[in-house]
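Student: Read top to bottom, the protein sequences are chains Y and V. Note that this note's numbering has the first sequence beginning at 1, numbered continuously upward. Note that this note's numbering has the second sequence beginning at 111, numbered continuously upward.
Just so you know, the hints here were simulated from the structure itself, not pulled from any lab data. It cannot be assumed that every hint is accurate.
[To be verified] Partial list, computed: chain Y residues near chain V (C-beta under 10 Å):
hint, residue
1, Gln6
2, Gly30
3, Phe64
4, Asp87
5, Tyr89
6, Asn98
7, Gly103
Every value quoted in this text rests on a predicted model; they were computed, and no experiment measured them. For every residue, glycine included, the Cβ atom is placed at its ideal position computed from N, Cα and C.
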Amino acid sequence: QSALTQPPSASGSPGQSVTISCTGTSSDVGAYNYVSWYQQHPGKAPKLMIYEVNKRPSGVPDRFSGSKSGNTAALTVSGLQAEDEADYYCSSYAGNNNLVFGGGTKVTVL
Amino acid sequence: EVQLVESGGGLVQPGRSLRLSCATSGFKFNDHAMHWVRQGPGKGLEWVSSISWDGGDIGYGDSVKGRFTISRDNAKKSLYLEMNSLRVEDSALYYCAKGPSPMARAWFDPWGQGTLVTVSS
Chain Y
1 QSALTQPPSA SGSPGQSVTI SCTGTSSDVG AYNYVSWYQQ HPGKAPKLMI
51 YEVNKRPSGV PDRFSGSKSG NTAALTVSGL QAEDEADYYC SSYAGNNNLV
101 FGGGTKVTVL
Chain V
111 EVQLVESGGG LVQPGRSLRL SCATSGFKFN DHAMHWVRQG PGKGLEWVSS
161 ISWDGGDIGY GDSVKGRFTI SRDNAKKSLY LEMNSLRVED SALYYCAKGP
211 SPMARAWFDP WGQGTLVTVS S
């Protein structure tokens, strides 16, 4: 159960786009479409932003989108807004009732 | 409204045990898998354990396997985590989270506010 690999930080100016990668293996990200993304503001519980690679829960702005190619998933935040500044984590099912998280990416809005 | 309320955290000495609980409301508990996720101070999220709707499928993270036991009581709509042989590195905020389906293989939504476990002598 190795953690998924995310860049520690990403940044963009308001209105720009930022993309966060999440690299796993053929046993987790590459094997299942159960990739999800979570936003966490300081002192708050994580919030689901994307599930099943590219689906948005009700209430999540369409500025947030997800994708996957091979063993790497990605979260794109378009039209960055100040409130998007937060930590973002990816997660994937890894088989045999196991799940795994990425190390997290701190997004800064410049 | 779905509510998840964790309890049972506290200060405990290394090697001792602690039992966390997660009381739920607002959804049909026995239709959903449930999960425990933890976050050490200043650290990222770490999956701890998951349990299917009937307890028939259970998974544990490598760092807690053999020491922690997840369970659920569908009649009480509650989730539990029995933590034995606690280590300093188990210190974290422990979140309870709901799965979208009966099987423990998908995503976490929503999350509770967490209960803090501190392991220290």
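Student: It remains to establish, for every hint, whether it holds in the given structure.
Tutor: Cross-check of the supplied hints:
no.	hint	result
1	Gln6	9 Å, holds
2	Gly30	15 Å, violated
3	Phe64	14 Å, violated
4	Asp87	8 Å, holds
5	Tyr89	5 Å, holds
6	Asn98	5 Å, holds
7	Gly103	5 Å, holds
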